[in-house]
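> Sequence:
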Amino acid sequence: VAQAMQFDVLRGQHSIGAHVRDAACYCCWAFARAYAPAELACWMPSLARAMLQAALFDREVNCRRSAAAALQENVGRQGADAFPLGIGIPLVALADYFSLGSRRRAFLSLGPQVGL
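Offset between the sequence shown (1-based) and this note's numbering: plus 160.
The hints are simulated quantities; they were obtained by calculation from the structure and are not laboratory data. Ideal Cβ positions, reconstructed from N, Cα and C, are used throughout, including at glycine. Careful, some of the hints might be misleading.
[As the list claims (entries may be wrong)] Here are the simulated distance ranges between beta carbons:
1) Gly172 to Asp256: 33 to 41 Å
2) Gln173 to Ala196: 39 to 47 Å
3) Cys187 to Gly239: 27 to 35 Å
4) Pro205 to Gln173: 22 to 30 Å
5) Gln173 to Ala201: 41 to 49 Å
6) Pro197 to Gln163: 32 to 40 Å
7) Glu199 to Leu268: 34 to 42 Å
Starting from the given sequences, assemble the full structure and let the hints guide the process.
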């Protein structure tokens with residue numbers, strides 16, 4: 161799933177893969193709702209990193225927003241302790257639905273604030 165969140169294929173002058181990245185975000189959102197924190201603990205660091213990268217740096221607004229929704233759901237249901245350095249709740253407050261609507265703001269303002 162973490163690899164699917166970065167899926168991108170060039171076809172001519174266009175790239176496809178937004179639907180795969182969006183589906184991967186939905187899987188992460190569904191994992192948070194379906195599994196207990198103890199069951200996802202070993203995969204949470206890699207999933208958290210993939211969700212955060214997609215939320216901040218995906219070029220499609222719907223993928224950034226779905227990754228942020230998955231991240232928010234995981235912070236809420238898996239607990240802030242499941243996220244590296246305990247940055248779960250401040251991260252959700254920083255990268256919300258409206259702040260990720262602008263690609264420029266997500267790339268240039270939120271990215272450096274998060275410090276990836």
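> Could you run down the list of hints and mark each one as holding or not?
The hints, checked one at a time:
A beta carbon spacing of about 35 Å between glycine 172 and aspartate 256 agrees with the range 33 to 41 Å that was offered as a hint. The beta-carbon spacing between glutamine 173 and alanine 196, approximately 46 Å, falls within the hinted interval of 39 to 47 Å. At about 19 Å, the CB distance of cysteine 187 to glycine 239 disagrees with the hint of 27 to 35 Å. Between proline 205 and glutamine 173 the CB atoms are about 36 Å apart, so this pair departs from the stated range of 22 to 30 Å.
With their beta carbons about 43 Å apart, glutamine 173 and alanine 201 fall inside the hinted range of 41 to 49 Å. Roughly 23 Å separates the CB atoms of proline 197 and glutamine 163, a value that falls outside the hinted 32 to 40 Å. Look at glutamate 199 against leucine 268: about 37 Å separates their beta carbons, and that is inside 34 to 42 Å.
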